[in-house]
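*Asks:* Residues per chain are reported as follows:
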Amino acid sequence: MNQFYRQLTRKALPTALLALLLAVACAFCGIGFSAWDTAERQLAAANSQYTTIAAPKGRHDIESETNWRSPYFENGRWLPLSQHTERAYPGLLGEEFRGCLIAQARGRSSLSAYEQWDFRSQWFDAYSNQLAVLAVRCIGLSETQDSYPAYNLDFSLEDVVCRKPEHDILPENMTIFFQSDLRAEEGVIPFKEGHTYLLFGFHLGPAPDIDLEESPNRKEGEPRWIIKDPCGDRFTTSDKTGEGTSTYFYFGSEYTGDATGRNALFLWREAQDEDGPYYILTSDSRPFCAEYTGDWRDFLESEEGRVWREEIIPLCQMNYEAVNVILTDDINTMVLFNDGRADLLDGRGISREEYAAGSPVCLVSAAYAQKNGLTVGDTVNLDFYRTQMNYKMEFPKEQLVAAGSKKEPVWICDPCTPENRLDVEKEYTIVGIYTAPEFDLGWQSFNANTVFVPKASIPDASLYEDSSNPMLCAIILENGKAEEFEAYLESIGFGGLFEYYDQDYNAASAAFAAIAENAQRLFLVGLGALVLAGALFLFLSLRRLAPTARGMRLMGIPAKKVWRELWAALAVLVLASAALGALLGWWLYGAVTGRTLAAGMGLRPEALALCAAVQAAALAVLAALAAIPAARPRLLRAGGKKR
Amino acid sequence: MAQAARTGRALRQVTLAALWRRRTASILLALAAALSVAASCLLHGLTARQEAAIEEMIDSTNIQCIVTNAQGTGTGNLQMVHGFVSMLVGQRHEQDCWLDQYVKNVRAKSSEKLKTPQGMELRRILSFDSDSALSASEGASVRMEEGWTEEALRSSGRICLIPEGMETETNEAGRETVYVSMEDGVGVELQVAGRVSGGPGNVIWCPFFMARRDGISELIWVESCSFDIGDNRRLEECRDAIYDVFVEPDPANFCDIYTQGVLVQDEAYLSTLEEFQSNLAMLRLLLPVLVVLCGGIGFLAGFLTARGRIREFAVMRCLGVKRRRIFSLVLWEHALLTAAGALAGLLTLPLAGELSGGLLLRTALLLAAYLAGAAAAVGGITRVNVMKLLREEE
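Top to bottom, those sequences are chains W and Z.
Take the first sequence: its letter number 416 is residue 631 in this note's numbering, and every next letter is one higher.
Take the second sequence: its letter number 159 is residue 220 in this note's numbering, and every next letter is one higher.
Next comes chain W alone, as it looks inside the complex (with noise of 0.2 Å):
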């Protein structure tokens, strides 16, 4: 039998509370160790409440484009941050480039500024809501002298064919303007005053002004309309019954200026005739005029008419049930999610694992579930069609166009159309509904037609991203390191490009700070006690076995066998008092946290279990490194005190 065991055994009240003294610096070990596990994960589940981000500012010095300063650039290639070779940014944790995607929900009607009543700006509802279909008079013809000669036309409106409803309380007379340069062959206007004509494209309706002022013509609750006329200053007032209101009727996207051109609806080239060159459109286009005499029914009946019938008219309604999607990582990372101005209705957001697994789930705003009766748990079809997202900013007029001033944006969709068509169809689930401006400038804003998707759900969701919209990218921070990115960012020639917020982080980063310092405190206290207590272990427990070592080395028992007997009688002891430390610290700090934190912050077993192996470990080695000079006493000394 190993001496040194015998040894301890005989004198067992000593032996256990010395093991006992060790066990309970293990368990005072343990529990700080526990409490500092505790406190990072903790943090970490307040940290995570909280998301940093640098967004890019908006961009009103857009049209000196020259001077558009970006930090993505390096080697003259343009790259992520987090990308980059020769730079590192303090407190970069990742980049959100958003994508942007134009769906049908079937069965499901888009939100319209009109019906909001909200006509600041008459943008709101471009383009898939201004898709219309309009039978209309040509009233007045002139032609403009340009290097591409282009006409303008005055219409009288005869019919709506199709329109968005809500846009049906639009005054019934009305007049329209259209300017074009698209041409029929040989460069033949094709309109001639006082024919009618389908006329298709989008329709950008008048800017009304509400108030409550009486009005003769006026039916209750009907706003008033000031109508604006783009060919000058003047403005009429009238109302849905009244004359002379004059709207406009434009294709969209500005030409190229190519020898051919598209956007989002025709397709053209240019053609030359003597008088020069001019557009017309391509075989393959879709018409945007018919003129057709009689009933424009009869005309839609008849084979000229099947065009707009079986593609134009029902391409116009697919619109009308159009959404703007949103293809992000994580919501919190968009401006108007992170300053509160959106936030979560009902429901709840989009979970990191469904970020991650691309789940079908998605967020729709309370306007538009209102709308369409949707609630938690329903859902929405979506037929996915690529688009091109952009702003409208019209030129402010007379002297602020001199200071460079601009109005405040408005981003837009294109339509939706067959040949941008993805064939990506699915159903996704509602989890969160969520309130926000319904429609609003502003580089940040996005309508209340906009669902939020996990970008994952959509295949190849990196080819639609838009790094150059401000609304679509934002860099995520570090919590509480803002500061030292934009001083890094002004080293290096970038300042001020960039907006952060923190969701009031700020506020409560010096309690995450005192926090993790308290547990880093507490853990090195329970470490400090138990270096002390084992050097006590060990000292007493030395002092009291080196006789019997020194008397077997005496006996010619080896040193190195002497040395294993005696480490393995104090390596189960080390092992035992680990053991007993880690029961003690897990019964103490298992009730304290069983009392005051939530179950997925309590005590974990499998942290404890492993600070007690680490703990066994380190004093066995302790132990055995102690037991060396023990296990080769100095023979020829004699005793081992002075006497």
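Take these hints with a grain of salt, some might be off.
[What the hints assert, rightly or not] FRET-style restraints, in silico, Cβ to Cβ:
(1) P844(W) <-> E373(Z): 26 to 36 Å
(2) G369(Z) <-> P844(W): 21 to 31 Å
(3) A702(W) <-> L426(Z): 41 to 51 Å
[What the hints assert, rightly or not] Once the Cα atoms are required to be at most 25 Å apart in a straight line, the calculated SDA-like pairs of lysine to any residue come out as:
(4) K165(Z) <-> R295(Z)
(5) K226(W) <-> V253(Z)
(6) K696(W) <-> I119(Z)
(7) K696(W) <-> L331(Z)
(8) K165(Z) <-> G555(W)
By construction, these hints were calculated from the structure, which means they are not laboratory data.
Predicted model, so just to flag it, every value in this text is computed and none were measured.
Even for Gly, the Cβ is constructed at its ideal location relative to N, Cα and C.
Model the placement of chain Z on the given structure of chain W, informed by the hints.
*Replies:* Coordinates of chain Z only, in the frame set by chain W:
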């Protein structure tokens, strides 16, 4: 009496001699006491620091409340009568409405088209952050003229912020002004109090309650409104007060101009506070654990030191010293060592931040637990039967 005093003095000298004789053990015991005090100081320091940090967080966190329509479907085109804003900023005390005492940082915006200057818009705001068009994220920055501050926007003065580069006039008093008139033809001269660069060029901003006509109250349609909870410590009270005026957004609510909803964005604040407070509660509960540990260490120390002196106690008992006296002598030894240790432990006072009643109470509690543990051990040993012990020794 004198004899008893002499005996007492002699015994105390014996005690001190015993302490010196076992100086290693004495130092260890004092060290244990010092560690206990140090632990107490540390725990106190940690708790105090965390409490202060949480207090600071409570005071400095802004809990934002967003006004929505009654159904919660929109926040940007409220068409809310300005009476709600009046209540929020404390202009309805005569009507016994004291909502302003529960909220702060009220932000509100209202827009109306202008007839003059043509194509422009007048925005009434309570502060810069009432209109996102003035925010840096929109690329805007505001420069106030000398003598003016943002606070002026809370007044009813006829002042304005204009886009940089906008033409102005100089009135008879030599002040820079802009003349604006609304659709109803009523015009007003606004003194330029600041300029906005990088923002929209078609907007003029004025104080939310700017009076166009003296003595005539006008209805202002509020587009958007938000505010912060006035006192986070009275969050529930503030919520109740807010919901006395507003409603909780619900799709079932009926929307009209007199009913508006409010969304209190306190989720992140509450869950963070809960985490912090549970951590604090955990720290507080560690004190009882430390007390138990101190008691245990005291018992161990008492047992180890007293056990080796059992024959000494037996001799003292044979010499007529009472058991209680021996017990008090040994406890006196421990008290001396504990006091020495405590004094040494108080060197770690900087860990606690500052000396306070709470800290002293905690320290006293720990030392009492330590002594109680030691007393239990010593009491057990000194209760040994002397005759039995001597017999065993023979």
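*Asks:* Take the hints in turn and mark each one as holding or not.
*Replies:* Results for each hint:
1. Here the CB-CB span from P844(W) to E373(Z) is close to 33 Å, well matched to the stated 26 to 36 Å.
2. Judged by the Cβ atoms, the range 21 to 31 Å given for G369(Z) and P844(W) holds: they are separated by roughly 25 Å.
3. For A702(W) paired with L426(Z), a C-beta distance near 48 Å keeps the hint of 41 to 51 Å intact.
4. For the hint pairing K165(Z) with R295(Z), the CA-to-CA distance comes to about 13 Å; that is within 25 Å, so the pair holds.
5. With a C-alpha separation of about 94 Å, the suggested pairing of K226(W) with V253(Z) is violated against the 25 Å cut-off.
6. Restraint check for K696(W) and I119(Z): satisfied, since their Cα atoms lie roughly 21 Å apart, inside the 25 Å limit.
7. The hinted pair formed by K696(W) and L331(Z) meets the criterion: a straight-line CA distance of about 23 Å does not exceed 25 Å.
8. Among the hinted pairs, K165(Z) with G555(W) is consistent with the structure: their alpha-carbon atoms are about 16 Å apart, no more than 25 Å.
When each numbered hint is compared with the structure, a violation occurs for hint 5 only.
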